[in-house]
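**Student:** One letter stands for each residue in the lines below.
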Amino acid sequence: MIIASEVTKAYGETCVVDGVTLSLPKGGVTSIVGPNGAGKSTLLSMISRLMAMDKGSVTVDGLDVSKTPGDVLARRLSILRQDNHMTARLTVRDLVSFGRYPYSKGRLTADDKAHIERSLRYLDLEALSERFLDELSGGQRQRAFVAMVLCQDTDYVLLDEPLNNLDMKHAMGMMKLLRQAANDLGKTVVLVLHDINFASWYSDNIVAMKHGKVAAQGPVAEMIRPEVLSDIYEMDISVHTIGGQLISVYYG
Amino acid sequence: MSRRAFGILIPEALGPVRMLILAFVATLVLAVVSLFVGVSDVTLATLVSGGLDGRAMEVLLISRIPRTLAVVLAGSALAISGLVMQIIVRNRFVEPSTAGTMESAALGFLVVTIFAPGWPLMAKMVVSALFALAGTALFLRILRYVPLRDILLVPLVGIMLGGVIGAVTTFFGYRFELLASLLAWEVGDFSGVLRGRFELLWFGLAGTILAYISADRLTVAGMGEDFTTNLGVNYKAVMTLGLVIVSLVSAVVLVTVGSIPFLGLIVPNVVSLLIGDNMRRTVPWVAIGGAGFVLACDILGRVIRYPYEIPISVVVGTIGSFIFLYMLLRSKRGAANG
Amino acid sequence: MAEISAPVPSRRPAFAVSRPVLVLIILAVLALASIVLFMTLGARGGWDFVIPFRGKKLLALILVAYSIAVSTVLFQTIANNRILTPSIMGFDQLYILIQTAIAYFLGAQVLALMDPNMAFALKLVLMIGFSGVLFQWLFLSGDRSLYLLILVGIVMGVFFRSLSNFMQRMLDPNAFQVLQDTLFASFGSVDTSLLIVSYAIVAVASFVLFRMRHTLDVLSLGRPTAVNLGLDYKRVVVTLLVIVSVMVSVSTALVGPRTFFGLLVATLGYLLVGTSKHRWVIPAAVLLGIICLVGGQTLLERVFSFNTALSIIIEFLGGIIFIIFVLRGATR
Chain B
17 MIIASEVTKA YGETCVVDGV TLSLPKGGVT SIVGPNGAGK STLLSMISRL
67 MAMDKGSVTV DGLDVSKTPG DVLARRLSIL RQDNHMTARL TVRDLVSFGR
117 YPYSKGRLTA DDKAHIERSL RYLDLEALSE RFLDELSGGQ RQRAFVAMVL
167 CQDTDYVLLD EPLNNLDMKH AMGMMKLLRQ AANDLGKTVV LVLHDINFAS
217 WYSDNIVAMK HGKVAAQGPV AEMIRPEVLS DIYEMDISVH TIGGQLISVY
267 YG
Chain X
6 MSRRAFGILI PEALGPVRML ILAFVATLVL AVVSLFVGVS DVTLATLVSG
56 GLDGRAMEVL LISRIPRTLA VVLAGSALAI SGLVMQIIVR NRFVEPSTAG
106 TMESAALGFL VVTIFAPGWP LMAKMVVSAL FALAGTALFL RILRYVPLRD
156 ILLVPLVGIM LGGVIGAVTT FFGYRFELLA SLLAWEVGDF SGVLRGRFEL
206 LWFGLAGTIL AYISADRLTV AGMGEDFTTN LGVNYKAVMT LGLVIVSLVS
256 AVVLVTVGSI PFLGLIVPNV VSLLIGDNMR RTVPWVAIGG AGFVLACDIL
306 GRVIRYPYEI PISVVVGTIG SFIFLYMLLR SKRGAANG
Chain P
81 MAEISAPVPS RRPAFAVSRP VLVLIILAVL ALASIVLFMT LGARGGWDFV
131 IPFRGKKLLA LILVAYSIAV STVLFQTIAN NRILTPSIMG FDQLYILIQT
181 AIAYFLGAQV LALMDPNMAF ALKLVLMIGF SGVLFQWLFL SGDRSLYLLI
231 LVGIVMGVFF RSLSNFMQRM LDPNAFQVLQ DTLFASFGSV DTSLLIVSYA
281 IVAVASFVLF RMRHTLDVLS LGRPTAVNLG LDYKRVVVTL LVIVSVMVSV
331 STALVGPRTF FGLLVATLGY LLVGTSKHRW VIPAAVLLGI ICLVGGQTLL
381 ERVFSFNTAL SIIIEFLGGI IFIIFVLRGA TR
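Residue numbers (the working numbering), protein chains in the order written: chain B, 17 to 268; chain X, 6 to 343; chain P, 81 to 412.
Heads up, a few of these hints could be off.
To be verified - With a straight-line Cα cutoff of 30 Å, these simulated DSSO-like cross-link-like pairs (lysine-lysine) come out:
hint: 1; chain 1: P; residue 1: K136; chain 2: B; residue 2: K121
hint: 2; chain 1: B; residue 1: K185; chain 2: B; residue 2: K42
hint: 3; chain 1: B; residue 1: K71; chain 2: B; residue 2: K226
hint: 4; chain 1: B; residue 1: K229; chain 2: B; residue 2: K83
hint: 5; chain 1: B; residue 1: K192; chain 2: B; residue 2: K71
hint: 6; chain 1: B; residue 1: K83; chain 2: B; residue 2: K42
hint: 7; chain 1: B; residue 1: K71; chain 2: P; residue 2: K314
hint: 8; chain 1: B; residue 1: K83; chain 2: P; residue 2: K314
hint: 9; chain 1: P; residue 1: K357; chain 2: B; residue 2: K129
hint: 10; chain 1: B; residue 1: K42; chain 2: B; residue 2: K71
hint: 11; chain 1: B; residue 1: K229; chain 2: B; residue 2: K71
hint: 12; chain 1: P; residue 1: K203; chain 2: P; residue 2: K136
hint: 13; chain 1: P; residue 1: K203; chain 2: P; residue 2: K314
hint: 14; chain 1: B; residue 1: K192; chain 2: B; residue 2: K226
hint: 15; chain 1: B; residue 1: K121; chain 2: P; residue 2: K203
Treat the hints as calculated values from the structure; they're not laboratory data.
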């Protein structure tokens, strides 16, 4: 379980995340949604200790993220951000191998190698494994990064807008895969999403943020309701049931 | 009403013309002070007691007055050429030493010194100006390959181009055993200015006047080629005029006193902070500001380590690079807020 | 250049020796040849004179090549950028400023009388402190654009140089002369004890670096990914920065500032080995540095009988590479 209490982050005068207290259950897929500037990515960055918080604390299975040694945490929780600028020129396999760094510190064991192969297979990257990242399309590169994070084999996998730069087909594929990872491998997947219909279709729980605070939180059926969504996004949103799933309509 | 720039409160009630007069008087005072600073004993008393043929009068006429004039002319001309450059390149971080102009002028001077050492200084200066023109044109040509015209990329490329041209110059200077003279051109220094060795700087004044006359056209050209043509102004002609002014001034200053880094950058930028960007209004300010700033730096360089002198390029380089840094970091904050 | 920048084959070559190994072997042979030529070419007189004389010079050149190459690659990894190098960011000018400031505030005579090792240690400590502050301020406080960083670095270099110039002029002419003598040891007259101390310091720094070698590739993935993988980011960066400062100090103390040399060898190193693994890139850059310095020196001095022109040629080529880099980066 991830527990955040009173987490706060301010830039100068503006409070981006304002005293958020939140607990995310173990297992399943949890999506964090909300309008631009609600503080979703910032919160995710603080949970994953990429960013220091001004106030508050976060624990992951009882480990305080700001006090636990980096490599201990790296075997419990992994984070993938949306922009992964790097100067290194690496092949897909090189990148995925880095997922084993928290365990092997650069000396790959047979067990590590098995993990790498499994991740490559899981994301259907075997054919691309010797290609350099800068030769890949945006969607392929994104898959390679997800493979690295899965190769890290952590209970918790956090992703910040993993659907950015992906077209409809690849976005759907990515969500399916994360759903699968939660179902088959028992991972806890937490992700920031823009599209509430993706969140509705593929998640178990939804956290809605607004103005740096948690506006509402709950299972999909409780969250995807016109009165909840309209309040969060400050626009009229109707909800329809299509194919047994709740779909929001906000056009017109 | 008042506004703040560089932490200084500027009373607008004073009126622009009166403020300009105030600045002019301040510069004049500095010029007078400059006349009386130095190792030889030149004071009102020694001037009067020595009479017209006295030692003090001789020093005044041969050394102090030429030096002060040189400082004023070089300072204002360099500041103006910086302003012209910023307008035609449309980038407030360019000036002759961040666009390869100064370095090209030095290369030209070196080439003519190697191949035609006997030519008069005037002819050498013309060759140097032609090189400066070619170097600046090359810089503008390279800028065409900078598609997004990042405001910081332009001076960056200019400084590097200057470095490459400088390396060529140093190489030939080294081969022809002219490194010592090369050093003299690169380090701007007014201490060697005497009567008969600064008169070329009057060309700088010509450049300043030319810039003032064509201020409107230069401003229009700064808006871009299409805009200029639309207003019925010959874009190429105006650009060429601007480049000629800049090259001429750079070459003149280089051959008479040596290069003075960042002067053309900081003076126009400070002026623009104080009174805005209308060129017709800023030209006199920039000219007076350039003269006043260099005068102050020159006096400082003469008194701070009396009786030794610190060359003007060292003084201006230290203060100028500091202000440039301030401007760079400040521009970032402005961009972040905007 | 065209040959070097040819696209790297996407698939691993089938033959047994991988490209980095091949490249390293070729570079090692060239470096060795440079060293042999340097020691033997045009040597007249007894070997007992030539060997110590040229040997000392050779050792200094190798140490400089090594320090500049390693510090540049490390700095690029910390800064997560291939254009930034310590000297472009003004670090070697900072070293000279520190040296001048010591002479200015303590007096040049004190500096001359001080035990050279003590003086060097003092400079080193100051250098590590100030470069750390500078780096922290430039890189770790807020997101600055790349061009702003480079431009600030370059202008900072000019500022440091002007300020040292200013301070040097403030000294009285005698003190100025003393300072000039201590400022750079020319290769002809490298002080043996300085050379020994330099080697010892660089060896210690290299040992620390070797112990943490596995962190380098992780670091080059960028901060978020490196932190995600459990790297103690702050500690690693601070340690590497100390190593960089030490190496910059050593090379600047031996030959003075070299703006583009590091960029040149690091860029070529990356291009030649075709991967960004530090295990390959660092040795390649070091060997290239030795080839450039020792081989270049031999070629120019003994074959073309140019003397100090090597550094000028390096500045020329480095400047052009830099412009191309910047323009290419801009078009992306």
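**Student:** Which of the numbered hints are not met once you compare them with the structure shown?
**Tutor:** Numbers 1, 5 and 15 - these are the hints that the structure violates, sorted from lowest upward.
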